[in-house]
Amino acid sequence: MLEPARSVLEQLIQSSNFSLNSDPSLVGAVASAAAKDDERRAKERPERGLTDNALRRKPELWPVPLKERRADGITPWHVLHVLARSIALSRRGAARGLAEHWGALKYSQALTGNAGSFMRLSAEGKRTAQRYKAIQSEELGTGFALVAARRILEQHYPERVVSIVPADTALYAGWRQLGRYKPQYFAEVWKPGKRSLVIPIACKGHHSNASTSHSQLASASAHVEHVHIGPWNETPVLIFSTELPPDGPVTVNTLCAQGSGGWLSSPRSERSNLDVLVDETNFLDGIQPPAEGGERPKPVDGFHVTPDRYEWFARVLARTAAAGVTAFAGDGGATTQYLTRRQGREHFTGFTHAAAGSVRDACHILFGIKFSGTDHIFRLNGTRVEAFSGVANDLLQLLVEGRVERYRHEVYERRSTWPSGLRSDSWNGPVSIHADGTVLAMRILP
Numbered sequence: 001m002l003e004p005a006r007s008v009l010e011q012l013i014q015s016s017n018f019s020l021n022s023d024p025s026l027v028g029a030v031a032s033a034a035a036k037d038d039e040r041r042a043k044e045r046p047e048r049g050l051t052d053n054a055l056r057r058k059p060e061l062w063p064v065p066l067k068e069r070r071a072d073g074i075t076p077w078h079v080l081h082v083l084a085r086s087i088a089l090s091r092r093g094a095a096r097g098l099a100e101h102w103g104a105l106k107y108s109q110a111l112t113g114n115a116g117s118f119m120r121l122s123a124e125g126k127r128t129a130q131r132y133k134a135i136q137s138e139e140l141g142t143g144f145a146l147v148a149a150r151r152i153l154e155q156h157y158p159e160r161v162v163s164i165v166p167a168d169t170a171l172y173a174g175w176r177q178l179g180r181y182k183p184q185y186f187a188e189v190w191k192p193g194k195r196s197l198v199i200p201i202a203c204k205g206h207h208s209n210a211s212t213s214h215s216q217l218a219s220a221s222a223h224v225e226h227v228h229i230g231p232w233n234e235t236p237v238l239i240f241s242t243e244l245p246p247d248g249p250v251t252v253n254t255l256c257a258q259g260s261g262g263w264l265s266s267p268r269s270e271r272s273n274l275d276v277l278v279d280e281t282n283f284l285d286g287i288q289p290p291a292e293g294g295e296r297p298k299p300v301d302g303f304h305v306t307p308d309r310y311e312w313f314a315r316v317l318a319r320t321a322a323a324g325v326t327a328f329a330g331d332g333g334a335t336t337q338y339l340t341r342r343q344g345r346e347h348f349t350g351f352t353h354a355a356a357g358s359v360r361d362a363c364h365i366l367f368g369i370k371f372s373g374t375d376h377i378f379r380l381n382g383t384r385v386e387a388f389s390g391v392a393n394d395l396l397q398l399l400v401e402g403r404v405e406r407y408r409h410e411v412y413e414r415r416s417t418w419p420s421g422l423r424s425d426s427w428n429g430p431v432s433i434h435a436d437g438t439v440l441a442m443r444i445l446p
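Here the sequence shown is numbered in my numbering, starting from 1 and rising by one per residue.
Please note: incorrect hints may appear among the correct ones.
Subject to a maximum C-alpha distance of 30 Å in a straight line, what follows is the list of computed BS3-like cross-link-like pairs (lysine-lysine) [said to hold, decoys possible]: (1) Lys370 to Lys182; (2) Lys36 to Lys370; (3) Lys126 to Lys106; (4) Lys191 to Lys370; (5) Lys133 to Lys106; (6) Lys191 to Lys67; (7) Lys182 to Lys36; (8) Lys191 to Lys133; (9) Lys182 to Lys43; (10) Lys106 to Lys298; (11) Lys182 to Lys106; (12) Lys298 to Lys43; (13) Lys182 to Lys194; (14) Lys106 to Lys36.
Simulated from the structure, these hints should not be mistaken for lab results.
Model the full assembly from the supplied sequences, consistent with the hints where possible.
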């Protein structure tokens with residue numbers, strides 16, 4: 001028997017927890033998994049006639065300094081909001097209206113938990129996993145990983161804002177071919193007028209046991225190793241593997257690499273103005289290792305953001321993040337100004353918009369704040385419901401006008417003022433508001 005829609009919506013705002021695992025034993029287990037994988041690859045290369053070098057991984061991984069071993073006060077709806085924001089610039093298929101813009105909604109019944117327990121897959125989530133394990137573990141793994149990444153970085157940098165930017169979209173502004181190995185996201189930790197810290201993130205998920213997480217983290221370390229920001233091997237990174245077992249709680253395993261890199265230069269010139277369009281360039285693929293014995297080694301595969309590219313990359317990240325916000329509101333026209341051709345500008349033009357049929361034509365007042373965005377009406381277990389994704393109207397207007405600098409100043413000033421409630425008197429269902437001014441809400445229609 002299908003669960004009533006009202007019960008589903010109530011479950012979406014049930015506060016719960018998920019476990020965070022990061023300790024020296026995890027470091028050792030991941031190192032062992034990496035060594036086994038390297039040994040396997042070494043045996044396969046001659047058999048396949050390959051002569052390439054061994055897979056490069058981050059040379060040193062460490063436990064993430066965590067204040068708590070669990071993330072408290074998390075709701076399924078918050079996880080889905082994080083996931084929805086992370087795929088706002090995605091290009092995943094022809095059924096764009098639902099498959100992309102509203103893709104996170106397919107997990108509306110996948111998670112369960114309460115304040116006294118850890119979040120886990122619901123009965124519906126388990127049934128879905130049997131058929132779609134790969135996509136479910138990938139997407140929910142991304143959602144939980146990015147929730148954890150935000151928590152970790154906000155604890156370490158409380159006076160800054162954390163923006164999550166899809167790495168492939170950002171990298172396409174400077175490199176024509178991306179290849180297989182790259183992080184999935186960049187976390188930009190920023191404050192207006194100050195230099196930003198950029199941290200590559202790789203995240204994976206699965207429905208198996210801890211040993212699978214060890215292998216996934218070993219693989220993730222290779223993905224983040226292919227982006228260096230600043231000096232050789234000094235870029236801090238975060239890697240995640242989320243366990244979504246059918247009969248146990250959600251556990252996010254995470255490790256980090258430390259270093260002095262990742263910091264972009266402080267804004268100081270006209271080129272640093274985030275309102276200025278990004279020039280699409282064609283950098284050569286390759287990361288330059290330091291000289292050894294007076295000889296300069298050949299570059300290795302990857303993407304190197306060198307100091308002369310700092311200002312350019314800062315604009316790329318800020319404007320790509322802005323594109324994600326306007327796309328989330330369904331405003332394809334505003335989104336195009338922030339993307340280059342390779343980044344997918346044409347994808348948001350006219351009827352090729354990722355949320356085809358979902359344009360910025362909906363407004364709602366939630367917690368006394370006017371939000372503008374787009375909506376989607378569908379049936380949830382037979383009951384008509386409306387989903388709404390939008391942005392605070394005044395912030396969205398700034399981005400429509402191309403005023404990224406002003407938008408970021410406003411977001412920074414308001415970062416701790418947004419309502420933390422899960423219900424609004426004017427809305428008959430769950431509401432989630434993020435520090436970037438975005439909102440995701442769903443309600444039962446009369």
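Requested in this report: Given the hint that Lys182 pairs with Lys43, test it: the Cα-Cα distance must not exceed 30 Å.
Outcome: Holds, at about 24 Å.
Requested in this report: Would you check the hint for Lys36 and Lys370, treating anything up to 30 Å between C-alpha atoms as holding?
Outcome: Violated, because 55 Å separates the two Cα atoms, which is more than 30 Å.
Query raised in the report: Would the pair Lys126 and Lys106 pass a check requiring their Cα atoms to be no farther apart than 30 Å?
Result: Within the cut-off at roughly 13 Å; holds.
Query raised in the report: Given the hinted pair Lys106 and Lys36, is their alpha-carbon gap at most 30 Å?
Result: Measuring from Cα to Cα gives roughly 36 Å; hence the hint is violated.
Query - Pair hint outcome, Lys298 versus Lys43 [Cα-Cα no greater than 30 Å] - result: holds, 25 Å
Query - Proposed proximity, Lys298 with Lys106 (alpha carbon, max 30 Å) - result: With a Cα-Cα distance of about 47 Å, the restraint between Lys106 and Lys298 is violated, given a limit of 30 Å.
Query raised in the report: Under the criterion that the straight-line Cα-Cα distance not exceed 30 Å, is the pair Lys182, Lys36 satisfied?
Result: Between Lys182 and Lys36 the Cα gap is close to 22 Å, so the pair holds against 30 Å.
Query raised in the report: Hey, Lys191 versus Lys370, does the alpha-carbon distance stay inside 30 Å?
Result: Since the Cα atoms of Lys191 and Lys370 sit roughly 25 Å apart, the hinted pair holds (cutoff 30 Å).
Query raised in the report: Taking only the CA atoms, is the gap from Lys191 to Lys133 under or equal to 30 Å?
Result: The hint is violated at about 39 Å.
Query raised in the report: Are the Cα positions of Lys370 and Lys182 separated by 30 Å at most?
Result: With a Cα-Cα distance of about 38 Å, the restraint between Lys370 and Lys182 is violated, given a limit of 30 Å.
Query raised in the report: Under the criterion that the straight-line Cα-Cα distance not exceed 30 Å, is the pair Lys133, Lys106 satisfied?
Result: holds, 13 Å
Query raised in the report: Are the Cα positions of Lys182 and Lys106 separated by 30 Å at most?
Result: The given pair, whose Cα atoms are some 27 Å apart, holds under the 30 Å limit.
In this structure, the earlier hints numbered 1, 2, 8, 10 and 14 are contradicted, and the remaining ones agree with it.
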